[in-house]
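Below are the chains, spelled out letter by letter.
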Amino acid sequence: MNKLLLEIGTEEIPAAYIDHILESLKKNAHDMLKEQRIGYNNISTFGTPRRLILLIEGILERQQDVSHKVKGPSAAVAFDKEGVIQKAALKFAEANQVRPEKLIIEKTDKGDYVFALKKIKGEKTELLLSEICLNLITGLSLPKSMKWGTTPMRFIRPIRWLLALYNDRIISFNWGSLTSDRVTYGHCLLTTGPLKIKNADDYFMAMIKNHVVIDPELRKEMIKNQITKKIEKVKGQECIEQTLLEEVKNLTEYPKVLLGSFDKTYLYLPVEVLTAVMVKHQKYFPVYENKNLLLPFFLVVINGNEEQYAKSIVHGNERVLKARLEDAKFFYQEDQKLTKSGLKPLDNNIEKLNNVIFQEGLGTVFDKVSRLIVLSQDIGVELGLDSETLKILKRAARLCKSDLVTEMVKEFPELQGIMGREYALLQGEAPQVALSISEQYLPRFSGDNFPTTITGSILSISDKLDNIVSCFINGMAPDGSQDPYALRRQALGIINIVLFNKLNFSINKIINLNTSLLTESKNMKKENCLIDSAINLLIKDFIFQRFRHLLLEKKYKYDMIDAVFAKRPDNILDVLTRIEALQKIYDTSEFAHTITAAARAYNLSKNSTELKIHRALLQEKEEVELYNTYLELNEAIEKLLSEQRYSDVFTSLEIMNKPIDLFFNKVLVMVEDDKIRKNRLALLKSIANLYFSVADLTKIALAKVNNTN
Amino acid sequence: MFIQDIIFNLERYWGKQGCAILTPYDTEVGAGTMNPATFLRVLGPEYWKVAYVEPSRRPADGRYGDNPNRVQQHYQFQVIIKPSPENVQEMYLRSLEKIGIYRREHDIRFMEGDWEAPTLGAWGLGWEVVLDGLEITQFTYFQQAGGIDLNPIPVEITYGLERLAMVVQKKDNIYELFWNKGITYGEIQHQNEVQQSKYNFEEADISMLFTLFDMFEKEAQQLILKKLTIPAYDYTLKCSHVFNLLDARGAISVTERTGHIGRVRELAKRCAELYIQLREELGFPLMITSKDKNNE
Chain B
1 MNKLLLEIGT EEIPAAYIDH ILESLKKNAH DMLKEQRIGY NNISTFGTPR RLILLIEGIL
61 ERQQDVSHKV KGPSAAVAFD KEGVIQKAAL KFAEANQVRP EKLIIEKTDK GDYVFALKKI
121 KGEKTELLLS EICLNLITGL SLPKSMKWGT TPMRFIRPIR WLLALYNDRI ISFNWGSLTS
181 DRVTYGHCLL TTGPLKIKNA DDYFMAMIKN HVVIDPELRK EMIKNQITKK IEKVKGQECI
241 EQTLLEEVKN LTEYPKVLLG SFDKTYLYLP VEVLTAVMVK HQKYFPVYEN KNLLLPFFLV
301 VINGNEEQYA KSIVHGNERV LKARLEDAKF FYQEDQKLTK SGLKPLDNNI EKLNNVIFQE
361 GLGTVFDKVS RLIVLSQDIG VELGLDSETL KILKRAARLC KSDLVTEMVK EFPELQGIMG
421 REYALLQGEA PQVALSISEQ YLPRFSGDNF PTTITGSILS ISDKLDNIVS CFINGMAPDG
481 SQDPYALRRQ ALGIINIVLF NKLNFSINKI INLNTSLLTE SKNMKKENCL IDSAINLLIK
541 DFIFQRFRHL LLEKKYKYDM IDAVFAKRPD NILDVLTRIE ALQKIYDTSE FAHTITAAAR
601 AYNLSKNSTE LKIHRALLQE KEEVELYNTY LELNEAIEKL LSEQRYSDVF TSLEIMNKPI
661 DLFFNKVLVM VEDDKIRKNR LALLKSIANL YFSVADLTKI ALAKVNNTN
Chain V
1001 MFIQDIIFNL ERYWGKQGCA ILTPYDTEVG AGTMNPATFL RVLGPEYWKV AYVEPSRRPA
1061 DGRYGDNPNR VQQHYQFQVI IKPSPENVQE MYLRSLEKIG IYRREHDIRF MEGDWEAPTL
1121 GAWGLGWEVV LDGLEITQFT YFQQAGGIDL NPIPVEITYG LERLAMVVQK KDNIYELFWN
1181 KGITYGEIQH QNEVQQSKYN FEEADISMLF TLFDMFEKEA QQLILKKLTI PAYDYTLKCS
1241 HVFNLLDARG AISVTERTGH IGRVRELAKR CAELYIQLRE ELGFPLMITS KDKNNE
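If you read the protein sequences in the order shown, they are chains B and V.
According to the working numbering, the first sequence is numbered sequentially starting from 1.
According to the working numbering, the second sequence is numbered sequentially starting from 1001.
Any given hint could be a false lead.
Derived pair list, reagent style EDC-like, types lysine to aspartate or glutamate, alpha-carbon separation capped at 20 Å [as the list claims (entries may be wrong)]:
(1) B/K394 with B/E414
(2) B/K144 with V/D1149
(3) B/K144 with V/E1112
(4) B/K410 with V/D1061
(5) B/K352 with V/E1202
(6) B/K144 with V/E1202
(7) B/K264 with V/D1172
(8) B/K344 with B/E334
(9) B/K322 with V/E1135
(10) B/K329 with V/E1128
(11) V/K1238 with V/D1205
(12) V/K1170 with B/D263
Derived by calculation from the structure, the hints in this document are not laboratory data.
Using the sequences plus the hints, can you model the full thing?
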């Protein structure tokens, strides 16, 4: 079986990019072989921080042959009337290296033409591989690239060697000043010197012998198994940080897990602080006794080593961790120093927020906190919170950014909110105040938890909305695929919190309030800001665009969404209630009836503006009947609408269907008499409006079908 | 191994690799990168190989001599080679052997760590080198300096001398390190930390420093107009240091901060552009010739 092996030897590629690059390598190889008509059995990729590997097995000896048609002269020119071949056709055959009798005639738009069926014989695959290898390297999609030395080439990190073998032979090509060869290197710490490789099988053996585990998945398994064993040894709970695992599998060529420990007096620090130090900064796996409790151990994944040095390596890591924990302990104490003199550190920090910039041109975090207090109170009042809860909300909003200037958060920014919660509890705040402070940042990523308290939810919505509004005003709205401030994620966060906690309020009002708070702020540099009335609408549309995506993702039909969105709603929860009401009746025959009736009323009256109905001008029995039904329903539906009972609105509307059918059967609307015609149109228009009180039913797909019929 | 022996051994090793062993600069710098032997020399097509110790001042990092790991002035060992050699990682690993750190005995990792100096308009890609969990070196392929794309690309290796010494001497406290047999790091540096911290955080005269910043900036600007890029760059460094002092003193408001960084960057950028122009007028005397290449 023919095998092509390509190894790109590099200096350490950042762990986060390796999986992505290998995927791109595999896909490009597949596409390129297909394009080149080269058959094969299997493509696989492997990689470590120091090498990217491509193996293609079962490559066919030759490219596939192809034939394609070449258009020649028209049949009339190529043959005379007796069918004898003419000079033009002979020349054409010769030029295309086909025998004249093999020419064929085919119909085209412009009449009959002569064609030559030209066969292209496949090249020997081996002759094409140099170019393929070169193109694979150049064509890789890289998240970042750099230059080095004097080479004009770019890659994610410097390439130091290229190995390319087709069975036993070198596939020779040049990339910058490098030439491909049959030479590779083993583990950079445990082996030295180049290795000469015969072929693919020999390569894989050489990697094993020289301490390189080329398969990321295998390295992951090795790490997992070793961790499980070590955790068992100290009776910890099996709990492996998945994101860290994905990262460390690509940090080594030969992973080995070592167990270290730290002084258990550090365990009094919040769990999040301990894990931030271990996971984020040192890439250590913490060991849990249970979900909320750590054991004074850690696991470090090293880049392979001989057993005899393990102890001193562990010791080195323990010393580093101790210094880090000592720092954390110092910060923790420093941040609470004021408590001793009876002061509240978080309150004391509010002033300091004047020195923290929120966004260039938009003032400080202090200003932001002032806005969050007003915004969150407004939402709270809108939601009808009692005065006690409003007080909690105000307190949480006032303190919510105070932890940004603590030593701990300055050192570990990812602990924002969490330290706020811890320090709030320590200075004697109500638990709900403390919890709301940490919940303001939820959800931080897709799949993260939502705030569980009403006050945390409101604070989180206010914070996210203020980020969105600020960016829009500052001219930093997302553009195409560019969304550096993750505003789309934050908009989605707002929507999800609203839906999760069933928060019933109008967002327009809050957006308007937010923009006016921002534009009135004295610290705002007005010259660079986009302030006009359109901005509020733009922001609302931006949020509702995310909402539409979410609804489609949740498999709601687009026509239902369109029908409700056409009402230009601004209450997220209300939109969902309306859509759900539509969903409930969507497939019923009554609804089809409603839609038909509504569409008729609407189509007839859509150009009329008159809404005033004169009782005295109603003449026919059916007309009076319809009017009475309308009056009755109008009142009932108004009440149902105010209670957001949209399913009941649709049930009520069904009552209208029969009288309106009778009306259309018996009464002519477009009569000569101006007054009577106008009166009937006014009646129909009022009825159409009633029909459309929950959603614009013309947007429903069924209605469209009816209309075209 | 004493701190001074670490310095001697690194100097001897990099000297053998063809680096000229220079001395620290005589103006306050925040890092060895700011020494003109790095910042100016990495510009343009000329080749360059140097190594030197650089006492680096970070006023805001001061802890009055109380913290066992943080100081407002630390010592860097800086290596610059332009263009970056093919085997530079191997050269680096061998340099560690000269101070008793053998790769077989440790876990040495090159962890992604991109580097940026906003006041210099400089950035590069590379790694933090981590030894048994401790960051001991920043290893960077410069891509830009003074906002100018570099070609060829230099490699910068910056060892943290105190960090290395703490590993080699197995100490947890910086002040307990031995500089030589007779004297500790603490005996040499501790009072410096105490007094400078007090100065940086409490005593620095804010209005004088603001005045100095403006004066230094003005001087740099007029020197640039006179095509004297090297003294102009000295005044740029002074601006940068004064800015760092003001920042540590908490005197720079949020709005002023970006403005001041921008002013220093603008000076650095103009010095860089002028430097390349002046070197070009000299015919880029340190361009490698084919004769040199054959000797390599």
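Checked hints:
1. B/K394 with B/E414: Violated. B/K394 to B/E414 sits at ~24 Å, over the 20 Å cutoff.
2. B/K144 with V/D1149: Judged against 20 Å, a Cα distance of about 16 Å means the pair holds.
3. B/K144 with V/E1112: holds, 12 Å
4. B/K410 with V/D1061: holds, 13 Å
5. B/K352 with V/E1202: Roughly 18 Å between the alpha carbons, so the hint for B/K352 and V/E1202 holds.
6. B/K144 with V/E1202: violated, 43 Å
7. B/K264 with V/D1172: holds, 19 Å
8. B/K344 with B/E334: holds, 13 Å
9. B/K322 with V/E1135: Judged against 20 Å, a Cα distance of about 14 Å means the pair holds.
10. B/K329 with V/E1128: violated, 25 Å
11. V/K1238 with V/D1205: Status holds; Cα separation ~16 Å.
12. V/K1170 with B/D263: holds, 18 Å
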